[in-house]
Structures are given as structure tokens and as C-alpha cells.
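**Student:** So you can see what is in the structure, the chains are spelled out below.
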Amino acid sequence: MDHFERQLVRMMRDAEAPAPFEPRHRERLWAGVRVRRRKRAARRAVGSVLAVAGLSAGLFLLPGHVTRVEPGHPRPLPGTSPSPAVPPAVPPATPDGASSFPPATPDGPPGAPSSSGTPTATNPPATSTPGSEGTETPSGSPADAS
Amino acid sequence: MEKGRAREFDEFVAARWSALVHLARLLVGGDRHQAEDLLQESLVKLWFVWPRVADGAPEPYVRKVMVRAAARSRQRRWWGERPVERMPEAAVAGDVSADVAERSRLETALARLPPKQRVAVVLRYYQDLPERQVAEALGCPVGTARSHAARGVARLRQLLAEMNEPVR
Chain A
1 MDHFERQLVR MMRDAEAPAP FEPRHRERLW AGVRVRRRKR AARRAVGSVL AVAGLSAGLF
61 LLPGHVTRVE PGHPRPLPGT SPSPAVPPAV PPATPDGASS FPPATPDGPP GAPSSSGTPT
121 ATNPPATSTP GSEGTETPSG SPADAS
Chain B
1 MEKGRAREFD EFVAARWSAL VHLARLLVGG DRHQAEDLLQ ESLVKLWFVW PRVADGAPEP
61 YVRKVMVRAA ARSRQRRWWG ERPVERMPEA AVAGDVSADV AERSRLETAL ARLPPKQRVA
121 VVLRYYQDLP ERQVAEALGC PVGTARSHAA RGVARLRQLL AEMNEPVR
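Residue numbers (UniProt numbering), protein chains in the order written: chain A, 1 to 146; chain B, 1 to 168.
No lab work stands behind these hints: they were computed from the structure. Every residue, glycine too, gets a C-beta built ideally from N, C-alpha and C.
If you want the footprint, here are the derived chain A segments under chain B, 3+ residues with CB under 8 Å: (1) 3–10; (2) 23–31.
Simulated pairs of lysine-lysine, BS3-like, Cα-Cα distance not exceeding 30 Å: (3) Lys3(B) <-> Lys39(A); (4) Lys64(B) <-> Lys45(B); (5) Lys64(B) <-> Lys39(A); (6) Lys45(B) <-> Lys39(A); (7) Lys3(B) <-> Lys45(B); (8) Lys64(B) <-> Lys3(B).
Under 10 Å between C-beta atoms, here's a sample of chain B residues computed to sit facing chain A: (9) Ala15; (10) Glu41; (11) Leu156.
Next comes chain B alone, as it looks inside the complex (with noise of 0.2 Å):
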């Protein structure tokens, strides 16, 4: 019994690693190591629920659990963001691919979003979702969640605008 709910949840897991990661990474910024304690912690809440979501929706709740630990990460010190004066991890032109590089710029500019909008953006243009399902993984009002993702994508216009600038 408990083996069968075992090779279930490894196979699951196994196929949807990949994807889930990169989300996470998105959620949190960039960071793999972050993104892979993201979802590591919500592998394990799933496996305790896992007879009753099996059948149903493993994946969302799994992104469920992702996303209120990303929204809430400004509590959390191991995640706290440290304001620089330059962008880390500026693409430098000649060693690394494009697509590399664009990668990193993303992460980048995700990354100085607050987490709220960056989750919401991501949800909203990565995942897809309505803002109604947005609001739901954030625990806010439809209003509020459609604003952070207006402002995350705002600000993250800035930021890839500022990046793609010429250095001088």
C-alpha cells in the first residue's frame, strides 16, 4: 500500500520535476537553490496529502503551496533581498548564449520585483491563469491581484529597458 502510493508519487514527480522547478525558480527570483528548497518543502506537504490529491490535482496544489511560500518569502531572512547599486548578474556579451543571457536578465529583473508582484506576474503571464485563479493562490481580492501584476509588468519593463541600455 504504501509502496504503491510511493512509486505513484515518484513517478509524478519525476515527470513534472523539470517543469516545477523552472517555476519555482521563476517564483523565487532566479535562485536554483531557493527554487529547489521551494519545492522540495512542497513536495513534502504533497506527500502527506498525497491519498487525497492523487487522483485529482497533484500539480495544482503543489504550485499552490509554491506560490504562498514565494508571496510570503519577505518574512522569511533566507530570502531576504539585498538592494544593489548594480544588476549581479549583467549579461556580458561574447561568453555566454543568447538565450543564456536573456535568461539571466529575466531573472534578474524578476528578482528586484517585490514578491507579491512577482508572483503575480508570473502566474498571470507564465502559468496563464485568470486573475480570478491569480487572486485565489495569493489569498487577495481580483482588484488586488490585478494590480500587482500591472505593476510587476511596469516595472519590469523599466527594469529590462535599463538592461538592454548600452553601457556607457
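Isolated chain A, as found in the complex (with noise of 0.2 Å):
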């Protein structure tokens, strides 16, 4: 340390002047306290509501998450399965006998709804088993069809 440095630490030093501690030192120190503690109070106040409402979004869009994933559509069915009306055990009727596709799809109305979703039947069955009512629809017989 040399001349200038010892000089410095002298001159801080002296500098010292005494400064008491005055009421109005107190006064603004509680006031700054007062001032901290409750912005410190509003800070945590928003940080809880905040929380509580990520918390909330959290628990409103994962139920509806859920609702999402639902099937919207029915499994398709397969092409040879007919109506459930149908009994499986009565073999469709066709002339030769060689084929071994029922005749799921009568003619029916154009646009009306089927169940195989293919609504193409090259052959018709020729007669309706007595008994499977409502089953198989005689060509051009619309009202039978739903």
C-alpha cells in the first residue's frame, strides 16, 4: 500500500460525520416495511390465483379430452353380415345354389340406407322364404324396406 492508498483509507475514514438514527428514519423504514409486506401479500395473492386457474383449465379440458377420443362412428360391419333381423340359420335362396354369398342387400329404395354400406346387389333372391318377415324385400317394394 503506498503513500496515495494510505491517504485514501485515511480520508474515508475521517470522512465519517455522525448521523443519528432521527424519528423520521423509523417512520420511512416501517413505511417501506409496510409497503414490501403488502406487495409481498398481492404478489402470493396472484400467484395462488394463478395456479388456481391453470389448475382449473387443467381439469376442464381433460374431461374434455376424454369426450374426444369417443367413437364417433359404428364399427363398420362386415359385408356379409346382414340385418340382425336376419336368421342366420335360413339360407338365402338362389336358383343354382352355387353361391355362397346371402343376399344381404335387396333392392330397396334408391338412397336408402344399408347396412353393408355397398348397396350393389347383382341378384336378386327370387322368393322370400315364408317366415323371414321383413328380411328380404321383393324387388320394388319400398314400404317393406325400412
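Using the supplied hints, reconstruct the complex from the two chains, each of which is provided in its own coordinate frame.
**Tutor:** In C-alpha cells:
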């Protein structure tokens, strides 16, 4: 430490002037404490509100997510399956009996719903089996198609 | 409980106020109002950690808070320094005492240092802290703190020499 540095130390220490802690300092200090306490409480309240809001949003979105994954359409049925009313034991009446496919799609009116989604039936059944009501409709009788 | 804590805190502040104001004044470069603001802010922070530091070292805590704030002071507009052509508080011979004039010169010179250099010089020479603690208080490596102190002293040497030159 050279002469200037020693002088600097002395100047810094000698420069200290007595400064009493006055009532105005005390009042200002406690006012600062109150302000800071209010700020901290407000910050904590805002934090709590944000946490609750985030939690609520999460809980709100979670069931919605589950709802969206529900199946929107029924599973497509196989093309060979007739409507549930058709008794499986009844074979389709075909003239030659060679076809193994049942006559699943009778000719209905245009635009009528079909269980297989393929409304084309090339070989309409020749006859209807008595007793199988409403399942095999002859061509041109739209009243029974529904 | 709260009253006892407040009383202890009050006693500490009253006992150390004078020394802390002086330190704050050196750290900000002499402005009494800025020094009081800095000390008040630091003491408010101290109050909220008082149960933890009261039995240990409340004064180093306040000092650290003040030093950090003073070193960051360049970023705060209300502590902004304005370069001027002439020294604003040059001592006038004959109308003030020698002590006051010397203090005024010192504070004026300190005010012209960059904040980190000023803080390093004050901690190193007024507080007599080792370089490691100066670096810790500034939040920088020891070499950087040493460099701040050395440059600050060199600049002070130059500034005080200029102020002591007779007016032509």
C-alpha cells in the first residue's frame, strides 16, 4: 500500500460524520416495510389465483380430451353380415345354390340405408322364404325396405 | 413476538445507522439522499430475513445488499451519472473547514468512478475486506475484483491530483 492508498483510507474514514437515527428515518423505514409486506401479499395472492386458474383449466380440458376420443362412428360391419333381424339359419334362395354369399342387399329405394354400405346387389333373391318377415324384400316394394 | 423482534431490529438500526449511512454515501459517491434511499431499501430487505440473520451477521447482510444495489446502479435511471465539464462541488478555500472540503473532494472523485470500481475501492480500502470477499460481494471472480479496485484507485489518484491543482 503506497502513500496515496494510505491517504485514501484515512480520507474515507475521516469523512464519516455522525448521523443519528432520527424518528423520520424510523417512520420511513417502517413505511417501507409495510409497503413491501403489501407487495409480497399481493404477489402471493396473484400467484395463488394463477395456480388455481391453471389447475381449473387443466381439469376442464382433461375431460374434454376424453370426450373427444370417444368413437364418432360405429365400427363398420363386415359386408357379409345382414341386418340383425335376419336369421342366420335361413339360406339364401338362389336358383342354382352355387353362390355362398347371402343376398344381403335387397333392392330398396335409392338412397335407402344399407347395413354394408354397398347397395349394389346383382342377384336379387328369387323368392322370399315364408316366415322370414321383413328381411328379404322383393324388388320394387319400398314400403318394406325400412 | 413481533414486538420483540421489532425492538431488536430498531436497536440494531439505531446502533449502526451512522456507520451504514457513511458506507452508503461512499458507495453512491456522496449523495446523501441516494445514500439514505439505498440504506432504507437494504434495511427493509433485512427486516424480512431478520429472524434468520439476527443472531448471525445482520450487518454483512445489509452491506451485501447495499453493495449489490450500488454496483447495479448504472442500470437505474435515478442514479444515473451526468458527465460535466467542471467539478460541481469543488471546495472553495476559506468558507468551509478543511475536513468538509476534503470529504467533498473525495465524494466528488468517487462519484466520477464507474459503480463497480467505486464499490471495489470502498470495500477494499474503507471496509478493509480481502479481495476474495470483495469479489464475493460484487459477484465476480477475484481477478476482476482486483482489477476494478486497481483501476478505481488509479482513477482516483488522477482525479484528486487534478482537484488539488491550483486554479489558474
